Structure formats: structure tokens, C-alpha cells
Amino acid sequence: MNAALFATVCLIAACGLIYELVAGALASYLLGDSVTQFSTIIGTYLFAMGIGSWLSRFIVRGVVVRFVLIELLVGIVGGFSALILFLAFTWTDAFRPVLYGLVTLIGILVGLEIPLLMRIMRERFSFKDVVANVLTFDYIGALAASLLFPLLLVPRLGLIRSALLFGLINVVVGFWSTWLFRHELPQRRTLQVMAVLSALVLGAGLWKGQAITTFAEEGMYADPVILAKDTRYQRIILTNWKDDLRLFLNGHLQFASRDEYRYHEALVHPGLAALPLAKRVLVLGGGDGLAVREILKYSQVETVTLVDLDEGMTTLFASHNRLLALNDSALLDPRVRVVNADAFVWLDQHEGMFDFIVIDFPDPSNYHVGKLYTSAFYRLVRQHLADDGFLAVQSTSPLFARKSYWSIVATLQGAGLRTYPYHVYVPSFGEWGFVLAGAVPYQPPHSLPEGLRFLTVRAIPALFDFPVDMSAVPVEPNRLNNQVLVRYYEQEWEAINR
Amino acid sequence: MSDNSGRSSRREFLVRAAAGLAVALPAAVIARNALGAATNTSTETGAPALIGLSRKGGRPISGGFVEDDAAVGHALRDGRISRNASKREQCRARVVIVGGGMGGLSAGWRLDALGMRDWLLLELASDAGGNSRGGANAITRYPWGAHYLPVPAPDATHVRTLLHEAGVLADDGTFDERTLCHSPQERLWQHGRWNEGLEPLDAAPAAERRQWERFGAQVEAWRATGAFRVPLAGAPHEVGGPAAGTFALDNISARAWLDANGYSAPTLRWWVEYATRDDYGGSLDQVSAWAAAHYFAARDPEEEGPLTWPEGNAFLVRHLTGRAGDRIVTSAPAYAIERVGPRWRVRTPRLDVECDVVIWSAPLFVLPRVMPSVSVPVQTDYAPWVVANITLDRRPAEHGAPLAWDNVIYGSDSLGYVSATHQYLGRPGPESVWTWYHAIVDRSGPGARRWLGARPWSEWRDHILADLSRAHPDIAECVTRIDVKRWGHAMARPVPGLLARNRTLSQWSPAPRMFVAHADLSGFSLFEEAQWHGVQAAESAARVLGG
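Chains as they are written, first to last, in the working numbering: chain L, 1 to 498; chain W, 1 to 547.
Please keep in mind that the hints were generated in silico from the structure rather than gathered at the bench. Predicted model, so just to flag it, every value in this text is computed and none were measured. Virtual Cβ for every residue (Gly too), placed ideally from N, Cα, C.
When the alpha-carbon atoms are kept at most 20 Å apart in a straight line, the in silico EDC-like pairs for lysine to aspartate or glutamate are as follows: (1) L:242 / L:259; (2) L:403 / L:492; (3) L:208 / W:474; (4) L:279 / L:333; (5) L:208 / W:477; (6) L:208 / W:398.
Computed list of chain L residues with no C-beta within reach of chain W, every gap over 12 Å: (7) 28; (8) 60; (9) 69; (10) 189; (11) 252; (12) 274; (13) 325; (14) 439; (15) 492.
Label pairs and their calculated CB-CB ranges: (16) W:480 / L:441: 50 to 56 Å; (17) L:441 / W:219: 45 to 51 Å; (18) L:3 / W:399: 41 to 47 Å; (19) L:152 / W:399: 18 to 24 Å; (20) W:77 / L:230: 55 to 61 Å.
Model the full structure from these sequences, guided by the hints.
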């Protein structure tokens with residue numbers, strides 16, 4: 001009995017400290033400035049424990065029942081604290097109020113535990129023994145928790161599951177107490193059922209903890225999320241900060257409305273403005289309709305075929321008000337035909353020639369996307385390109401991913417095309433690269449459509465000039481059977497992100 | 001016994017009851033159905049945890065054994081084949097080719113090239129192709145045997161001619177990029193994760209790495225001798241020729257050679273045995289050290305990667321059978337070849353063909369059963385194989401390098417699996433077919449075949465799932481169907497003494513105006529060997545007929 005009681009003290013002390021450490025670590029992780037976060041959280045927590053201790057005086061009867069209830073409550077609140085904080089950070093604007101509110105609540109509950117337990121033990125031991133033993137085991141539990149937390153829990157379980165695990169321990173202590181103090185609890189069935197239910201809830205959290213973590217982390221965008229949508233192929237997130245709308249696919253920024261015009265004008269106009277007779281245009285990828293918006297500025301263009309894998313994406317950009325405003329309802333234009341198919345397969349299975357082809361795929365960060373940057377793919381595209389037509393390819397950054405960029409150029413050359421590499425500065429991306437390619441020589445255009453915000457006729461020739469730190473490097477072309485581009489790309493972005 | 005079965009049926013009942021419960025429970029699913037919003041996919045994703053539970057409770061996996069040639073083959077062996085004379089048709093051809101594997105198809109292909117179009121090919125099975133047959137389902141085509149072709153050396157003329165004809169090799173000597181195996185080609189499961197490439201060198205100790213380096217140098221030395229060529233016939237194998245230095249390797253098994261040369265590293269020995277099982281269907285004990293060396297030294301190490309198709313080498317079969325048209329007769333087991341004056345009569349249950357020349361392109365062991373007067377001067381050890389095509393409706397969980405074309409589990413007694421959807425150009429969906437290969441090397445020939453004939457499909461199913469579950473713990477929840485093909489005599493095994501055996505065969509002819517076109521003449525089963533002998537037999541036939 002005695003040993004069991006002191007083990008209880010030890011465990012609840014450990015749990016109490018873990019919640020404090022979780023809150024401190026999470027706040028440091030999310031907000032930075034760990035000195036401030038830990039100081040304010042420890043202070044708030046200790047102060048709240050003081051409130052709890054003071055409140056314990058108002059509990060006069062049913063001390064044991066109250067103790068068990070508090071254990072269950074601490075278990076639930078403390079156990080889910082990390083998860084609640086994560087979700088509050090990603091999906092609300094009120095992280096700090098939630099943080100300090102939660103720390104205060106847990107502190108009060110934890111502050112109630114020890115005084116109540118001491119009162120329960122008062123009848124069994126002398127006062128001096130109660131104080132000495134309870135405080136001794138309290139501090140031992142604190143030491144154990146403070147060592148376990150950095151050495152075992154965070155590396156092995158992560159913050160969310162560590163908190164859930166200790167929540168579960170609190171609940172187990174509560175359940176165990178109903179047996180320990182069974183003589184003082186004639187009607188303990190209800191308490192036990194509550195304990196089992198709490199344990200189940202925490203257990204479920206523990207089981208699905210990883211999925212929830214991923215979900216919560218995916219949502220960690222700098223700006224408020226206005227739309228989150230899972231399609232068959234990707235997770236689409238749209239964020240908004242003042243007038244800047246940003247689109248993320250699987251966590252990667254695709255555009256920021258503040259400067260996307262630079263990207264899309266550069267992608268379309270150097271090529272299309274040089275083809276005054278272009279009637280048939282094909283866009284591969286680019287389901288956001290922003291390249292199509294630029295293409296529709298040419299009155300001679302009769303048809304625009306957009307082939308994008310993801311129906312979720314093209315539907316979104318043909319229906320959401322903010323996005324329709326951004327792409328000028330391009331996808332609803334009668335000249336535009338939207339096809340949801342894999343570009344490689346579609347080109348392989350369809351006839352049709354185009355005067356201008358825009359290739360706007362995500363960066364080649366994996367083998368699936370890498371296929372769409374191979375010589376086999378460009379050879380297929382070439383079969384659909386009119387003799388005097390051009391294609392324009394988004395080709396990642398020649399500055400951050402120099403080998404990747406020049407590998408794309410080499411691949412287009414390997415497919416028998418003349419290449420004209422160029423680059424522009426897009427603030428939210430940095431220095432960005434494109435390649436114009438075709439079977440005939442390219443001459444920069446002498447005129448551009450009205451109303452462009454970035455490009456001028458005079459500026460275009462300058463885009464084809466590469467400074468020393470972005471100039472061509474010797475690289476291999478990308479083929480289906482080597483996928484060197486994916487390897488270049490991985491190496492280069494890893495080096496940047498280190 | 002009865003107690004046992006009682007228990008198992010009770011367990012099955014409980015499992016089924018649990019499954020029923022799990023399906024009945026998810027209110028979300030029922031509500032969606034009521035709203036009419038549920039399609040098949042949305043009910044599946046509606047309550048994954050609960051549906052997952054029902055699947056764990058015993059997801060049904062369909063399948064069974066697919067047709068193999070054992071029944072007809074055994075009837076032929078035992079003289080039980082139906083000789084229904086009343087419906088028998090008669091016809092004539094200048095050449096009859098018996099057996100529609102790669103040897104026979106190549107013989108017909110070469111006869112056409114020589115302007116000798118009057119030939120007829122008789123195939124025992126319902127499809128031509130032999131070890132290069134394939135199948136198909138709603139998801140993809142898939143192989144039942146040989147599934148790739150190494151990029152041929154510049155002097156492999158016949159292979160190159162065929163590939164050029166099939167549109168795989170362009171005029172400028174480049175191979176169609178779509179047909180070369182796409183990246184990532186290979187991965188190996190070792191130490192709890194997938195690693196790119198097949199060599200098990202992840203975390204290998206320095207001492208083992210030194211052995212690997214020494215072995216690499218040895219392979220280079222072997223390659224330099226010129227003794228190891230594909231097809232074999234091009235190599236200088238005459239006694240006293242430049243390659244004679246390698247012949248000592250042929251007197252011992254691969255294991256004896258590894259032992260004698262101090263190759264003790266477990267990773268290296270696994271690697272070499274993986275190679276002998278994969279190409280020859282034999283263990284280190286069964287295969288000649290010369291044959292093992294051939295596996296490593298015969299190919300250029302810097303090749304562009306193999307040529308492959310979703311259906312494997314059935315692609316080549318399709319090309320060859322397509323151009324042959326109705327000159328290929330399937331389900332026509334030749335059970336007797338008789339002399340009729342200066343000519344031959346080849347008899348099948350529904351058709352007798354009279355011809356001037358017979359090209360025998362079935363395995364050598366079958367020949368004496370069809371022509372009791374012939375005795376083959378060598379013994380051939382045949383490796384039994386099992387190939388399974390596994391249909392998946394979702395991607396299994398895994399850890400490490402992404403799904404490759406060839407996926408091998410270190411330490412497994414299988415050879416791993418090949419993804420039939422790997423060469424798909426678009427973004428792959430969750431469905432796929434994996435072809436799982438297993439050479440039976442731990443039992444002797446006839447015993448292994450009896451065991452293979454008796455082992456039920458359910459044991460193969462469990463064996464395959466257990467094997468794959470090492471790398472994919474949830475594999476049983478992703479598989480909908482497992483079709484198993486048993487190959488009793490899949491391929492000749494190159495046991496020690498291979499070169500002497502082949503020399504004996506090169507001097508041998510079963511009968512006048514009869515030629516053999518089969519990889520058995522090389523003592524191991526590679527496309528290039530079968531094609532080489534097919535071409536040779538066709539040329540011999542043309543000489544006889546022309547002269």
C-alpha cells in the first residue's frame with residue numbers, strides 16, 4: 001500500500017512535468033525564441049499550480065472521488081495538449097491564448113493533485129512523514145521525467161504522442177486509485193467506466209497520432225489557410241494574407257498572386273508573341289489556368305487545349321471566386337478545352353498538332369514527375385508540334401538547381417530540338433528558368449499584347465543572357481532509363497535546404 | 001484430426017462474423033449510401049479503420065493454378081494422348097517445327113528470312129511462346145516467365161535484327177527509350193528498408209567489401225578471356241583455344257569455387273547464388289562455377305539497362321507469332337514422328353503433317369518420348385520454377401527507396417518481384433500486378449516435381465504473402481488475386497561439366513533431316529541461346545532443302 005502510494009506520487013509528478021516540457025518545447029519549436037517561451041510557460045505553469053493548491057481548500061468532502069476525477073481530467077487535457085496546440089497553430093490565429101490558457105488549466109489541475117493526495121494520506125501517516133515522503137517522490141518523478149523527455153520521448157515518440165502517452169499514465173493512475181482507495185469509494189463503478197473511456201480516447205489518439213501529426217504539419221503555412229482540398233493526386237492548399245493568394249501542392253509553393261504575373265508572362269509571351277500565326281495552343285500541366293489567361297490575350301489563338309492530370313485542380317480553378325478573378329475565368333472561355341489526363345499517356349494516344357506548347361509541370365522532385373522531363377517525352381511532344389512552332393518549358397531555377405536546369409536544356413537538345421534558355425526573377429521563387437525549343441531558329445518578338453505588367457519588347461532579348469553563376473554546366477540529358485534529373489534535383493535542393 | 005478441423009472452422013466462423021460486424025457498423029458509410037453520394041471508391045475511403053478491420057479479418061484472395069503443360073506432357077509420356085483417327089486431318093509442309101518456344105519461333109523467323117515460307121509450327125500448349133509467354137488482366141499485361149532481354153552486344157546480329165524489326169532498335173543504333181527499363185530499375189530489401197540497387201553492400205563490414213573488390217577484379221579478368229559470350233556459340237570453346245584457361249571452372253560447383261578461393265562473405269555468396277538461381281534455377285551447389293562466372297562476365301557492365309515490356313518477352317512472342325500468322329498451330333502436341341520413305345510424318349491428335357525436314361524445338365527430354373529410336377547422348381537436369389502474378393488494388397506500405405522494376409528481398413528463398421506496370425508512361429495508379437519468381441533449388445529434380453504437383457495453391461498463396469510481408473507488412477490487405485504457374489521443367493540447369501556436355505551435343509544429330517532448335521543445346525535457358533539455335537537449325541534446314 002505504501003509503495004503503491006508513493007509510486008502514484010512519482011508518476012503524477014512525472015506527468016505534470018512532461019506537460020510543462022511539451023508546452024515549452026512546442027512553443028519554442030513553433031514560435032522560436034526558446035528562452036522566452038520556456039520562461040513564460042514555466043512561470044505560468046507554476047503560478048497556475050499555486051492557484052490549484054489554493055483551490056484545494058475548497059474541496060471538503062469526497063476528496064478521493066475528486067482526486068480520481070482530477071487525474072482523468074489531467075490525463076485528457078494534458079494528453080491532448082500537444083495536439084490541440086499544433087492544430088491551434090496551424091488552423092487558427094489564436095495560438096498564444098490557447099497556449100497560455102491550456103498551460104494555466106493543466107497547471108491548476110496538477111496543482112490540485114498533490115495537496116489532495118497529501119490529505120488522503122494524512123490518515124495513514126504522521127504529518128512529518130507525509131510531507132517528507134510526498135515531496136521526495138515528487139522530486140524523483142520530476143527528475144525521471146526531465147531525463148526521459150529529451151533522451152527517449154521526443155526522439156522516439158515525438159511531442160504529440162509523448163503527451164498522449166503520459167495522459168494515458170494519468171488515467172491509469174486514476175483507475176488504479178479507485179482500487180487503491182476502494183474502502184473510501186463504495187460506488188466506484190462510474191469512476192471506473194469514466195477511466196476506461198478516457199483511456200480509450202487517449203489510446204485512439206496514440207494509435208492515430210502519426211496521421212494527425214502529418215495532417216497538422218501539412219497545415220503549417222505562414223499565412224491563413226482559406227482552402228484545403230485533397231484530390232486523388234495531391235493536397236491543394238490555398239492561403240491568403242492581405243491581397244496575396246498562394247497555392248501549395250503537397251506543401252510546395254506553386255504561385256503567389258503578388259508576383260505570379262512575372263512567371264506566367266515569362267512562360268508564355270517570349271514564345272507565343274514570336275508566332276503571329278499560332279492558332280492551336282496546348283498547355284500541359286498548369287491546371288491553375290494562369291498560363292491560359294496569358295494565352296487568351298492573343299486574338300488569333302483559336303483553341304487552347306489544357307491537359308492536367310488533376311480534375312480537382314481544374315475544377316477548383318474554374319469555380320472558386322477568388323481564383324476565377326485571378327485567372328480571368330480562363331478555364332471557362334469557349335476557346336479553352338480542359339482534358340484531365342496524364343500528359344504522357346494523352347500525347348501518346350491522341351493525334352493533333354499545335355503551334356505553341358506550354359509545359360508547366362511541378363519540379364522534377366520524384367520519378368513520376370521526372371518522366372515528364374525525359375527525352376522520350378520531349379520526342380513525343382515534338383511529334384505534336386508544328387514544324388515552325390515552339391514549346392516553352394518551366395525548368396526550375398538555374399541558380400539554385402543549376403545542373404537540373406541545364407540537364408533539361410540538354411534533354412531537349414537530345415530530342416533533336418534547338419533550345420533557347422532564358423530566365424526571370426520571380427520574388428517568391430527567386431531566379432527562375434525556362435527553355436524555348438523548336439525545330440526552327442527563334443527570333444524574339446517585335447510586339448506584345450496590351451496590358452502586360454512585366455514584359456516589354458525591349459526586355460525580352462535580355463532574358464536570354466545568363467550571368468556567370470547560372471551559365472551552362474556539363475550535364476547529362478534525362479532519360480527514362482536513367483532519370484538523372486531527379487538525382488540532380490535532389491542533390492541541389494538538399495544542398496540549399498541544409 | 002477432426003478436432004483440428006472443428007477448431008479451424010470455428011475460427012473461420014468467428015472471423016466471418018467479425019467481418020460482417022465490421023462492415024455493418026460504419027454509420028458514415030450507410031449514411032452516405034442513403035444520400036446516394038457513395039460510389040465504390042467513396043465507400044472504400046469512408047471508414048478506412050473499420051474496413052481495414054474487416055479486411056484483416058480475412059480478406060478473400062482469389063486465384064489458383066493457371067494452365068500448365070503438365071497434363072498434356074504426362075499424357076504424352078504415358079502414351080495416353082488421344083489418337084482420334086476419324087477426325088484427323090492431313091497436310092504437307094516442307095518444314096515442321098515441333099515446339100513454339102523461342103527456339104521454334106526463331107527457326108520459323110529465320111526460314112522466312114531465307115525465303116522458305118512453307119513451314120508449320122506445332123505447339124503443345126494453347127499459346128506459343130514457351131518460357132516467354134505472358135498474360136493480361138484489366139490492369140496490365142504481365143509475364144509468366146522471361147521478362148527482359150539484356151541490351152545485345154554489337155555483334156549479336158540476330159538479336160539486333162529482330163529488335164530492329166520489332167521497332168525497338170532504330171536505324172541509328174539507338175534503343176527505344178520507352179523500352180529500356182525505366183528508372184529506378186532495382187532495389188533490395190535489407191536491414192529493414194529498401195535500398196537502391198541490388199548489391200547488398202549497405203552496412204557491409206570492410207572485410208566483406210574487400211572480398212567484393214577482389215571478386216570484381218576476378219570478373220574483369222574473366223571478361224578479358226573472351227570465353228564468356230552471349231550467345232555461347234560465338235565463344236572460342238574448342239579444347240586448346242584461347243578460352244581454355246577457364247575450363248577448370250567447369251569441373252566444380254560454384255560453391256566449391258567460392259570456398260576454394262576464400263570468398264566467405266555472406267553478402268557476396270548470397271549475391272552469387274541470387275544470380276545462379278535467377279538465371280539458371282540452381283543453387284551454388286547445383287550450378288557449375290563456369291556458368292556462375294558466365295552470368296557475371298558475359299555482359300557489358302556499362303550497358304544501358306535491359307529491354308523490357310509489361311508482358312516481358314511475350315512482346316517478342318507477339319511480334320514473331322504475328323508475322324507467322326496461321327502457320328502456328330496451337331494445342332497440337334506432337335506425339336510421334338515417323339519416317340515415311342525419305343520424308344517425315346509428324347502426328348498430333350487432330351493433324352498429321354508430312355514434311356521434308358523436322359526442326360525439334362521442344363526440350364530434349366521429350367524427344368525420346370516422341371521418337372523412341374532416338375537417344376540423347378547427354379543427361380539434362382531441369383529446374384522447376386514457380387511464377388505467380390499477384391494483383392494488387394492498392395499500394396502496400398513500405399520504407400526506403402521507391403518501388404522499382406525489380407524488387408528483391410535479401411535472404412528470401414524467392415527471387416523477389418517485378419512490377420508489370422513499371423514501364424507505364426503515365427503516373428501509376430494504386431493498382432498493379434507483381435510477378436513473383438521462385439526457382440525451386442532445395443529439392444532434387446523428380447522429387448521437386450512431385451512436391452510441386454502435390455502442393456496446393458493455398459500453400460503457395462501463404463508462402464508468397466509471408467515472403468512479401470517482410471518488406472510489406474500489410475501486403476495481405478492489398479492483394480486481390482494470386483495466380484500461380486508451375487513450371488516442372490522450366491529450364492536446363494548448367495551443372496558442372498557443362499562445356500563437355502555442350503561439345504557432345506554439338507557433334508550430335510538425332511536423325512538425318514532433323515535439327516534441334518532449343519536452348520537445351522547450350523545447357524541454360526536464355527533468349528539469345530534459343531534464338532541462336534533456332535537460326536542455326538533453320539539454316540541447316542534451308543541447306544538440306546536447297547541442295
